[in-house]
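Based on these hints, arrange chain B on the given structure of chain A.
Protein chains in written order, with my numbering: chain A, 1 to 686; chain B, 1 to 318.
Hints were generated in silico from the structure; no laboratory data involved. Here the structure is a predicted model, which means the values were calculated and not measured. There could be a bad hint or two in this list.
Unchecked claim - Simulated pairs of lysine to any residue, SDA-like, Cα-Cα distance not exceeding 25 Å:
#, chain 1, residue 1, chain 2, residue 2
1, A, 138, B, 103
2, A, 273, B, 82
3, A, 87, A, 105
4, A, 639, A, 628
5, B, 225, A, 342
6, B, 73, A, 332
7, A, 339, B, 103
8, A, 339, B, 284
9, A, 339, B, 76
10, B, 73, A, 337
11, A, 322, B, 82
12, B, 73, A, 340
Unchecked claim - Some chain B residues well away from chain A (every beta-carbon gap over 12 Å; in silico):
#, residue
13, 15
14, 18
15, 25
16, 32
17, 40
18, 58
19, 83
20, 145
21, 168
22, 185
23, 195
24, 196
25, 217
26, 219
27, 228
28, 235
All C-beta atoms in this analysis are idealised placements derived from N, C-alpha and C, irrespective of residue type, glycine included.
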Amino acid sequence: MAELLLELFSEEIPARMQTRAAEDLARLLGDGLKDAGLEFDTIRSFATPRRVSVVVDGLPARSPDVRQEKKGPRVGSPDAAVQGFLKSAGLKSTDQAETRADKKGDFYVALIERPGRRTPEAVAEIVPAILRNFPWPKSMRWGDGRLRWVRPLHSILCIFGGKVVPFEIDGIRSGKETRGHRFMAPKPFSVKSFDDYAQKLRKAFVILDAREREAIVFKGAEKLAAKQKLALIDDMGLLAENAGLTEWPIPLIGTFDESFLEVPPEVLSTSMKAHQKCFSLRRGDKLANRFIVVANLKAKDGGNAITAGNERVIRARLADAKFFFDHDRKVMLEELVPKLKEIIFHEKLGTQYERVQRVRVLARDLAKLVRADPDLAERAAILAKADLVTNMVGEFPELQGVMGRYYAIDQEEDPMVAGAIAAHYKPVGPSDDVPREPVAIAVALADKLDTLVGFWAIDEKPTGSKDPFALRRAALGVIRIVLENDVRLKLHDVTRAALQKWRQIPKGAVETHAGLLAFFADRLKVHLRDQGARHDLVDAVFALGGDDLLMIVRRVEALGRFLDTEDGEHLLTGTTRAINILRIEEKKDNKSYNRPPDPKLLKQSEEMVLAKAVDEVERAAAAAVTKEDFESAMTAMAKLRAPVDAFFDHVTVNTDDPALRENRLHLLNRIRATTLTVADFSKIEG
Amino acid sequence: MGKFTKAQRPSGATSFQDLILRLQRYWADQGCVILQPYDMEMGAGTFHPATTLRSLGPKPWRAAYVQPSRRPKDGRYGENPNRLQHYYQFQVILKPSPPNIQDLYLDSLRAIGVDVANHDIRFVEDDWESPTLGAWGLGWEVWCDGMEVSQFTYFQQVGGFDCDPVSGELTYGLERLAMYVQGVDRVFDLNFNGRRGKDKVTYGDVFLQAEQEYSRYNFEQADTKTLLAHFRDAEAECKALLAKSEDRKRHLMVLPAYDQAIKASHIFNLLDARGVISVTERQGFILRVRELARACCAAWLKTEAGGSMLDACRDAHG
Chain A
1 MAELLLELFS EEIPARMQTR AAEDLARLLG DGLKDAGLEF DTIRSFATPR
51 RVSVVVDGLP ARSPDVRQEK KGPRVGSPDA AVQGFLKSAG LKSTDQAETR
101 ADKKGDFYVA LIERPGRRTP EAVAEIVPAI LRNFPWPKSM RWGDGRLRWV
151 RPLHSILCIF GGKVVPFEID GIRSGKETRG HRFMAPKPFS VKSFDDYAQK
201 LRKAFVILDA REREAIVFKG AEKLAAKQKL ALIDDMGLLA ENAGLTEWPI
251 PLIGTFDESF LEVPPEVLST SMKAHQKCFS LRRGDKLANR FIVVANLKAK
301 DGGNAITAGN ERVIRARLAD AKFFFDHDRK VMLEELVPKL KEIIFHEKLG
351 TQYERVQRVR VLARDLAKLV RADPDLAERA AILAKADLVT NMVGEFPELQ
401 GVMGRYYAID QEEDPMVAGA IAAHYKPVGP SDDVPREPVA IAVALADKLD
451 TLVGFWAIDE KPTGSKDPFA LRRAALGVIR IVLENDVRLK LHDVTRAALQ
501 KWRQIPKGAV ETHAGLLAFF ADRLKVHLRD QGARHDLVDA VFALGGDDLL
551 MIVRRVEALG RFLDTEDGEH LLTGTTRAIN ILRIEEKKDN KSYNRPPDPK
601 LLKQSEEMVL AKAVDEVERA AAAAVTKEDF ESAMTAMAKL RAPVDAFFDH
651 VTVNTDDPAL RENRLHLLNR IRATTLTVAD FSKIEG
Chain B
1 MGKFTKAQRP SGATSFQDLI LRLQRYWADQ GCVILQPYDM EMGAGTFHPA
51 TTLRSLGPKP WRAAYVQPSR RPKDGRYGEN PNRLQHYYQF QVILKPSPPN
101 IQDLYLDSLR AIGVDVANHD IRFVEDDWES PTLGAWGLGW EVWCDGMEVS
151 QFTYFQQVGG FDCDPVSGEL TYGLERLAMY VQGVDRVFDL NFNGRRGKDK
201 VTYGDVFLQA EQEYSRYNFE QADTKTLLAH FRDAEAECKA LLAKSEDRKR
251 HLMVLPAYDQ AIKASHIFNL LDARGVISVT ERQGFILRVR ELARACCAAW
301 LKTEAGGSML DACRDAHG
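Bound conformation, chain A alone:
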């Protein structure tokens, strides 16, 4: 058993592509080896800014011999079929094939014997094939070569059991050499094994493992912060990006002028992060005038020049940000609204300005449903997008909403209006908070519903993994806002209301309305499943129709609790039995049993008790459902358990007397119908 080490050494690979590249390399090499009959123990891959590497442990020196039989056409088949078979099996004539017989007659069999090969031979074929078709998100040519790689590829290290696996691709010959850090150890060196490789790289100022680089950045940054009694503001994405920009990360701490702290902390953090990949620090819960920059160099002067240089750049950047902030505040948000006419929201859906005009009316409608002040909701909707045309949001689009809030506070808008401007984009992801304040809820719902209805109307729906306009996120946002704030909303009515805000209802919009409701239902199911609800209970409640999300969820919850009780469990068994019998008999008789049973034909006492019970339970459950008291509906339902059990224990449904049989089937239908008051039990898995 031996080790295979492969390193692809190139010019700087974009940070965002490194992790994926390492994974792809391991997958492709692993598949290639397995396809060649080469099994192995483990495969691990790594990436730094200048290299993607993979090491495979426990490979045999050669692949095993393979003996394969390939079944061919019958003897006497058309010539084309026979020739095709010979070609695919690599035979020259039928003489080389065996003939065997089965029940239907003789047929050809090719015996394919593939002798094992030396592992390096196989590797020398597999690796160039991987390189030529590597799934980089973007690749390029360079010089006068033909190979495509993410950036120019300089060398390939490929050793098996310590020996070079020789091959050549586009003029690059594989070898056993690599290089260290671009500035601190640029000379090439050769390696014998993976351990040797990782160790020598470390000596040459390269940490191979991205997770280790992340840990160095994180621990180093925390230490620097702690020394000044500060705390690092965590940012996993930024940590990973810095690990992708460095082979030898050295965190350094720098300072900016305290006067910049007048600018909102989000602005300072975003500016430092976007332009220089710097971490922000806080003192208590306030942003501190310090930052952490991660250098890729152990500088001779201890990093003083690097820190000073970064401080200068940050000073210029923050000065820009401060200029934007001061400048933006001179113009009232309201005056910016007409400028939204210049921003196309979507070519078929018009401008942001038109959108704001719809959303403001819709927010007003919705305000009533969420007990918000309609005037404030409309005001917030009017101003909600105004910050899109400010300098700051132009520079940092991710600060949309956040800046609007600051400017609104500055211009003495109502605090609820200011809050709603920031919160109306929420939730931006599954882990983000939902807006809590009624005015914000109204605007957030209006904004999302307008988006959904609009894109549905122009038939731009999400398909498969494609959702370019984040419509799934918008629908989930509506669902979460409704559920987490106990908002009562008839989806049917509000989506219709949203559609009516369009001056011209786009063609086909009415037909798509049902589709949008189904989309919501689907999103709700996914959401509830993610929350741990049983998917069959969700289906059982959904089958009843209804478009009040909160009520659907309440019902699912009550149903779940009920089914956890002994009564619930038994009733489910009984009801399922009733439903199954009905399904079979209705099919057999080709008719539906849906009339009330005839009281005169109720012969046994269990029948009479059940007939009475279903009527009472149905009445009680329906009354409770009307009051939206699902717990009571379930409690009422529980009273059915004993009569249903007794019925099945003592009454034979399929008796010889046809009239009696029919009446009993009608009675079974009463169980089915009554349980439908709370859920479609046929969808529930026992």
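Leaving out everything else, chain B in the frame of chain A:
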């Protein structure tokens, strides 16, 4: 805070002009032809025919030059410490891109006095695209202690045509680089000629008035009616010149036609700065300029410098 102490200040090019002279000397030593700026207004050194057109076709080419770059929209009346409507780019084009191009670039930084043992040089992903030239490439922005000092691009397509061989393009933002080397925070404070005392000439002495005057012109005074007419004229002239040699196998007036494309592009930038182009129109203008650039590039490939002679020879020899 933030200021360089004397020990930290990189030793090297002490004046703006010295920076240019050092880069020219360095790239001349690498076999580049040192060109002078193209005598037309353009938004970036890439528009220079020595880059746009020469990057197409099979012939090797190495050139370096300073190109004054005009970005009317970026003017700030001389009040912003970094933003200018007119600034200098130093442009290097190496075709085909040599395998050691990154090392050549780093040596050029050393040549202007950047000490790479004490400064953090980084190649950070930045893909380049010019919608008006129909050109794109992959590469990086080069950072020095967090500041972008150069753009480094491997051209993949220009004018919609594949670059084969691929050119490597290096663009140095000279003012920024000089501010870094001189440790200056305001571009107008740059020492231009390297003298001290009363003989010292600053960047502001040379360009501040121009920034103020051109900002007024670009934002307030440029006559949009005239500019629109000029745009149409340049567009028509470009097409007419190309059409005149269209029926022949070879193109005979590509460079004059391309001048008109450059002109149209600059006029579009001026109109944009005047705020008379709406969002929807904008895309239309960009497409019109790209169409001109594309047509010029197609025509260039049918000239001798574009490699058409080579093809003819190959054909002749079967």
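Taking the hints in turn, this is what the structure says about them:
1. Of the supplied pair hints, the one linking residue 138 (chain A) and residue 103 (chain B) holds, its CA atoms being roughly 24 Å apart against a limit of 25 Å.
2. For a cut-off of 25 Å, the pair hint linking residue 273 (chain A) to residue 82 (chain B) stands: about 20 Å separates their Cα positions.
3. The straight-line distance between the Cα atoms of residue 87 (chain A) and residue 105 (chain A) is roughly 23 Å, inside the 25 Å bound, and the hint therefore holds.
4. For a cut-off of 25 Å, the pair hint linking residue 639 (chain A) to residue 628 (chain A) stands: about 19 Å separates their Cα positions.
5. With a CA separation close to 22 Å, the supplied pair residue 225 (chain B) and residue 342 (chain A) stays within the 25 Å bound.
6. Restraint check: the Cα-Cα separation between residue 73 (chain B) and residue 332 (chain A) comes to about 24 Å, which is no more than 25 Å; the hinted pair holds.
7. Under the criterion of a C-alpha separation no larger than 25 Å, the hint pairing residue 339 (chain A) with residue 103 (chain B) is inconsistent with the structure, at around 48 Å.
8. At roughly 21 Å between alpha-carbon atoms, residue 339 (chain A) and residue 284 (chain B) fall within 25 Å of each other, so this suggested pair holds.
9. Pair hint residue 339 (chain A) plus residue 76 (chain B) holds up; C-alpha atoms about 22 Å apart against a cutoff of 25 Å.
10. Between residue 73 (chain B) and residue 337 (chain A), the direct Cα distance comes to roughly 23 Å. Compliance with the 25 Å bound is thereby established for this hinted pair.
11. Proposed proximity of residue 322 (chain A) and residue 82 (chain B) is supported: the alpha carbons are some 14 Å apart, at most 25 Å.
12. Our distance criterion of 25 Å between C-alpha atoms is met by residue 73 (chain B) and residue 340 (chain A), whose separation comes to about 20 Å.
13. Every Cβ of chain A is farther than 12 Å from the Cβ of residue 15 (chain B); the closest lies at roughly 19 Å, confirming the non-interface assignment.
14. Annotated as non-interface, residue 18 (chain B) keeps its C-beta farther than 12 Å from every C-beta of chain A; the closest such distance is 20 Å.
15. Residue 25 (chain B), annotated as away from the interface, keeps every beta carbon of chain A farther than 12 Å; the closest lies near 24 Å.
16. Listed as a non-interface residue, residue 32 (chain B) keeps its Cβ farther than 12 Å from every Cβ of chain A; the least gap is roughly 17 Å.
17. For residue 40 (chain B), the shortest C-beta to C-beta distance to chain A comes to about 30 Å, beyond the 12 Å cut-off, and the non-interface label holds.
18. With a minimum CB-CB distance of about 9 Å to chain A, residue 58 (chain B) fails to clear the 12 Å threshold, and the non-interface call is violated.
19. Its beta-carbon lying about 9 Å from the closest one in chain A, residue 83 (chain B) breaks the requirement of being farther than 12 Å from that chain.
20. At the 12 Å boundary, the C-beta of residue 145 (chain B) falls inside the reach of chain A, the nearest C-beta of that chain being 3 Å off.
21. Listed as a non-interface residue, residue 168 (chain B) fails to keep its Cβ farther than 12 Å from every Cβ of chain A; the least gap is roughly 8 Å.
22. Residue 185 (chain B), annotated as away from the interface, has a beta carbon of chain A within 12 Å; the closest lies near 7 Å.
23. The Cβ of residue 195 (chain B) sits about 25 Å from the closest Cβ of chain A, beyond the 12 Å cut-off, so the non-interface label holds.
24. At roughly 23 Å from the closest C-beta of chain A, the C-beta of residue 196 (chain B) stays outside 12 Å, upholding its exclusion from the interface.
25. Under the 12 Å C-beta cut-off, the non-interface status given to residue 217 (chain B) relative to chain A holds; the minimum distance is some 23 Å.
26. Consistency note on residue 219 (chain B): stated as away from chain A, and its beta-carbon is indeed over 12 Å from all of that chain's, at 16 Å minimum.
27. At roughly 20 Å from the closest C-beta of chain A, the C-beta of residue 228 (chain B) stays outside 12 Å, upholding its exclusion from the interface.
28. Distance check for residue 235 (chain B) against chain A: the nearest CB is about 25 Å away, which clears 12 Å, and the non-interface claim stands.
Checked against the numbered hints above, the structure violates hints 7, 18, 19, 20, 21, 22; every other hint is satisfied.
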